[in-house]
Amino acid sequence: MIRVLLTLVVVILGSTSCTDTRSHARAVFVLLDISGTYVNEIDKARRIVDYLLAVLGPGDSLAVARIDSASFSEKDIVASITFSDRPSMANAEKRAYRAAIDKFAQTVRQSGHTDISGAMLQGLEYLEETGAGTRYLFVFSDLQEDLKNDHVRQWTWNFHDTHVVAINVTKLDSDNRDPREYLSRVTDWREKVESGGGHWRVINELSHVEQVLR
Amino acid sequence: MTELLNQWGINSLPGILLVLTLGLLFLYAAREPAHAAVRGLGRFFHGAFRLASRSVMKAEQRLQERNRQVVLSSGREAQERLLEREFQRIHDMVQRDLSGYPALNRTLSEQLTRIEEDYRQSTEVPPQPPEWLAAVEAVARIPSSDTGAVADILADIHDTLTRAQKDSMEAYRKSCRTRHGLLKRMLPYWRRLSNTMTAVERKMTDLDARIPAIDRQMQLYEEILAKTDRAERELTSSFTTQFVVAGVVLAIAVLGGFINFHLIALPMSEMVGGGSYLGPLKTADVAALVIILVEIAMGIFLMESLRITRMFPAIHAMDDQMRRRMVVVTFAILAALAGVESALAYMRDLLAADKEALTRSLTGGATVETGFRWIASVGQMVMGFVLPFALACVAIPLESFIHASRVVLGMLAGLTLRTIALGLRLIASAAWQISRFMTQLYDVAIFLPLWVENAIRRRRAVTAQGGIAPPVLHDAVETSLKFDLRAAAPPADVTDAAEGERVVTPDAIERGGRSRGDGGRRGGKSAGDKPDLDFPPDSGSPVFP
Chain A
1 MIRVLLTLVV VILGSTSCTD TRSHARAVFV LLDISGTYVN EIDKARRIVD
51 YLLAVLGPGD SLAVARIDSA SFSEKDIVAS ITFSDRPSMA NAEKRAYRAA
101 IDKFAQTVRQ SGHTDISGAM LQGLEYLEET GAGTRYLFVF SDLQEDLKND
151 HVRQWTWNFH DTHVVAINVT KLDSDNRDPR EYLSRVTDWR EKVESGGGHW
201 RVINELSHVE QVLR
Chain B
1 MTELLNQWGI NSLPGILLVL TLGLLFLYAA REPAHAAVRG LGRFFHGAFR
51 LASRSVMKAE QRLQERNRQV VLSSGREAQE RLLEREFQRI HDMVQRDLSG
101 YPALNRTLSE QLTRIEEDYR QSTEVPPQPP EWLAAVEAVA RIPSSDTGAV
151 ADILADIHDT LTRAQKDSME AYRKSCRTRH GLLKRMLPYW RRLSNTMTAV
201 ERKMTDLDAR IPAIDRQMQL YEEILAKTDR AERELTSSFT TQFVVAGVVL
251 AIAVLGGFIN FHLIALPMSE MVGGGSYLGP LKTADVAALV IILVEIAMGI
301 FLMESLRITR MFPAIHAMDD QMRRRMVVVT FAILAALAGV ESALAYMRDL
351 LAADKEALTR SLTGGATVET GFRWIASVGQ MVMGFVLPFA LACVAIPLES
401 FIHASRVVLG MLAGLTLRTI ALGLRLIASA AWQISRFMTQ LYDVAIFLPL
451 WVENAIRRRR AVTAQGGIAP PVLHDAVETS LKFDLRAAAP PADVTDAAEG
501 ERVVTPDAIE RGGRSRGDGG RRGGKSAGDK PDLDFPPDSG SPVFP
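These protein sequence lines map, in sequence, to chains A and B. Here the first sequence is numbered in the numbering used here, starting from 1 and rising by one per residue. Here the second sequence is numbered in the numbering used here, starting from 1 and rising by one per residue.
Hints listed in this document are in silico derivations from the structure and should not be mistaken for laboratory results. One or more hints might be untrue.
[What the hints assert, rightly or not] Okay, derived cross-link-like pairs now, DSS-like style, lysine-lysine, Cα gap no bigger than 30 Å in a straight line:
id: 1; chain 1: B; residue 1: K355; chain 2: A; residue 2: K103
id: 2; chain 1: A; residue 1: K171; chain 2: A; residue 2: K44
id: 3; chain 1: A; residue 1: K75; chain 2: A; residue 2: K148
id: 4; chain 1: A; residue 1: K192; chain 2: A; residue 2: K103
id: 5; chain 1: A; residue 1: K192; chain 2: A; residue 2: K44
id: 6; chain 1: A; residue 1: K44; chain 2: B; residue 2: K355
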């Protein structure tokens, strides 16, 4: 009887492990827009990060980076971590991580330009490095890109099945005058993401973030 | 369709009538082959499904025989175990109560010897008269003259006799006192003897009370060996009850295992990592499941070693010393696992508290310290320690369930086969009925040419018989229902079939009305059977052969 049970367990485990080789870890890269008046939204961004800290578990990765004038740089990554496999250690790491984000929120300064493309590329590289099975790129921004003159951000996007979630896409004054600008902005980014093999989603109500990471 | 009809010129009433007439003529001409084809198809499906049904029924009979063997075999084993246990009890009782029988016998003998000795000593021995009494008596007969020395001598003799009597009385009283003393000393021996005999009687009564139970078990065992239907029925009922009861207990055990799993799954991630996976399953969950399964396995081994269950003949065949060692080892492993689970349960409580505190700090909520949290901690620890032992006991219902499931599943399989066989027979019958219906439907479609054919035949018959019209269907039905019970019996049960006069005689009724008036169908099947199809003689009824 026991032999039969053990054989059954081994067969089930063997068959499932043979067919399912993907990583079950999740990786989240959060981009925080600090340009112009959007820097005032940093408290909302903190709430998002807090939520992510509560939801992510042992073995998951989380990185927070700012979107400034030239964001394709590791220097713009505020904090990144892959949580320990042990839940108790992971909890301690989350506390330390939150302290780092708090410190960043208190000392953040607004940037002159908004290099969303560079930040996204940076985020995609980070997500690729983690090797996580499920990847999220949270963009906390109004999606209004404002590049320096000498910066080139034209390339073929490859999102590798990444879920790109634009959060709190605020309407600018010009959007109010002509909403087509807002729609055009969102549509442009959607096309970039989806044509690069990613999944696009816009969430303006913060409580709806829970629907993304379940 | 309309265009096609137009192309063929069938767009007018005469054209349609022409086509219909041609069609009817074609169908009329093809009536016999069409009927034969439909009947052949019906016969084919009927035969095929009946064959399949018969095959399934044979399989069901084999299964039933197998079930019977399984029931009797399992019942015999169970009964042997019961009897073995009963005899073991009696053996223990005899060994415990009657092993000291030689000592008891010796004690009883000693007590009886003492009592006998005392009794012998206490017998009354009348004092012997002195030997000189005869001389005294002779002297006493000497005539007394109240004088002199003779009187003195007699007086002395009298005194002597009086003293002798007094001494004798003293001696007799002393002897009586001694005797009474001996009898008094016998009293405790008697009491002890009585108590001993009462104890022996009680033991014998206990032993005797077990005998009827053993007799009943033996009676059932003999019936099982004789493979009687009563024994089979009793065993089947018993196994079904066992199946249900053991199933309920196992369901409860599964729920217990589920709770146990959740108690240790989270803390197991501290040991094996919370981020590693085995296929789609978390390694921590698999580890928790394995621990629970190991506990159940240890429980099974423990029960086997204690000879409570008998699932592993190898364990059952071990010598007693090895078996005792196995009991100790399995119990030690089980206790260790229970301790580990208790610790894991406590760790789970700590982790949950830490996680809760972190979540509160992240959501900005105040951390609340409750004073009675320790109750939950202790409760989880106790559950973590107790549940493994509870799961260990699952071996008992598991064994019953496995044994009973052989019988119950066999019964269910038999029931399924019977249902399939019945379904196949119904389909076979339906195929036959449908073929019959199709032929009749065919005749309905060509009723006009058939009616014309009948009319022509009737006219020919009238011409051939000199103007007497043969009965039409209406007349035939009316005349066939005329029961002339008083009429004299005609030479044959059915007369004048050619004229359609069907008279049912009392003889025919007594024979169950099996005779028919169709002349040419004598010896064939009855009117209520299959008039249109000829099936093989051994095929019987299409539904229930």
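Hints and how they fare:
| no. | hint | result |
| --- | --- | --- |
| 1 | K355/B to K103/A | holds (23 Å) |
| 2 | K171/A to K44/A | holds (16 Å) |
| 3 | K75/A to K148/A | holds (18 Å) |
| 4 | K192/A to K103/A | violated (33 Å) |
| 5 | K192/A to K44/A | holds (26 Å) |
| 6 | K44/A to K355/B | holds (23 Å) |
Violated hint: 4 only; the structure is consistent with all others.
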